[in-house]
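A.B. asks: Sequence:
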Amino acid sequence: MTEYLLVSFKTCPWVQRAAIVLREKGVPFAFRQIERDNRPDWFVAISPHRKVPVLRIDDRVSLFESNAICEYLDETIAPRLHPSDPVERALNRAWMDYLPTFAAKVTGCAYAESQEDFDRALAFVDDPLGKLEQALSQRSGGPYFNGTSYSLLDASYAPFLQRYAFLDRVYPLGRLEHFPNLSAWSAALLARPSTHTYPPEEFEAMYRETVRARSVWLSQFC
1 MTEYLLVSFK TCPWVQRAAI VLREKGVPFA FRQIERDNRP DWFVAISPHR
51 KVPVLRIDDR VSLFESNAIC EYLDETIAPR LHPSDPVERA LNRAWMDYLP
101 TFAAKVTGCA YAESQEDFDR ALAFVDDPLG KLEQALSQRS GGPYFNGTSY
151 SLLDASYAPF LQRYAFLDRV YPLGRLEHFP NLSAWSAALL ARPSTHTYPP
201 EEFEAMYRET VRARSVWLSQ FC
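Under this note's numbering, the sequence shown has 34 at position 34, and the numbering climbs by one with no breaks.
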């Protein structure tokens with residue numbers, strides 16, 4: 001049996017994305033946690049960008065970048081999570097490529113250094129939320145992006161919608177409720193067991209501690 005080891009920071013959403021895919025496929029795997037501020041030499045040697053996740057396969061192959069890892073897992077382990085239709089698959093991949101923009105604008109305000117920076121960042125939140133709302137409004141038939149079928153795209157956005165929910169409880173943003181389709185999608189993703197590496201309350205406490213440790217403006221509310 002193939003052995004999978006996921007090198008991780010405890011609260012990294014990109015690692016969580018890969019872990020969700022592994023859980024959706026029912027694949028046993030292990031974590032190896034490293035410290036964000038103390039990245040060991042063996043890790044730097046296998047991660048060109050010095051980023052997590054890295055997926056070690058049978059302790060001989062190292063894959064880096066969460067999108068590449070998820071695509072590899074989907075190509076090699078059933079069930080397939082990408083849509084079978086080429087157009088749908090391309091649309092899903094396009095929205096997955098939008099994820100870094102979505103993540104930076106929607107959850108990046110958590111690390112603003114001042115209230116002025118936080119308010120400035122918050123002003124950009126509605127744009128990515130609105131784009132996803134529009135995309136979801138053109139789809140129907142189930143709780144997920146592709147209807148009743150859970151996909152790699154769902155796994156990709158779940159960690160960041162979860163962090164928005166955490167952030168909204170630290171300092172109420174009041175934005176997501178203006179986007180009903182996106183709100184329903186978020187609720188469905190957060191209700192899915194595969195989303196969670198830790199119990200949600202425990203993980204939210206870890207998220208708050210991460211924000212607090214950064215000594216950013218928002219840390220005073222944690």
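Treat the hints as calculated values from the structure; they're not laboratory data.
All C-beta atoms, glycine included, are put in the ideal place defined by N, C-alpha and C.
Any given hint could be a false lead.
To be verified - Keeping only pairs whose Cα atoms sit at most 25 Å apart, straight-line, the calculated BS3-like set for lysine-lysine is:
#, residue 1, residue 2
1, Lys10, Lys105
2, Lys105, Lys131
3, Lys25, Lys105
4, Lys10, Lys51
5, Lys10, Lys25
Said to hold, decoys possible - Derived CB-CB ranges, DEER-like:
#, residue 1, residue 2, range
6, Ser137, Glu202, 32 to 40 Å
7, Arg60, Ala123, 44 to 52 Å
8, Pro199, Tyr111, 37 to 45 Å
9, Ala187, Arg214, 23 to 31 Å
10, Ala205, Gly174, 39 to 47 Å
11, Phe31, Ser137, 16 to 24 Å
12, Arg214, Ala191, 24 to 32 Å
13, Pro193, Gln115, 36 to 44 Å
14, His49, His178, 20 to 28 Å
15, Gln134, Thr2, 35 to 43 Å
16, Pro143, Pro86, 18 to 26 Å
A.B. asks: Of all the hints numbered above, which does this structure not satisfy? Sort the numbers upward.
C.D. replies: 3, 8, 10, 11, 14
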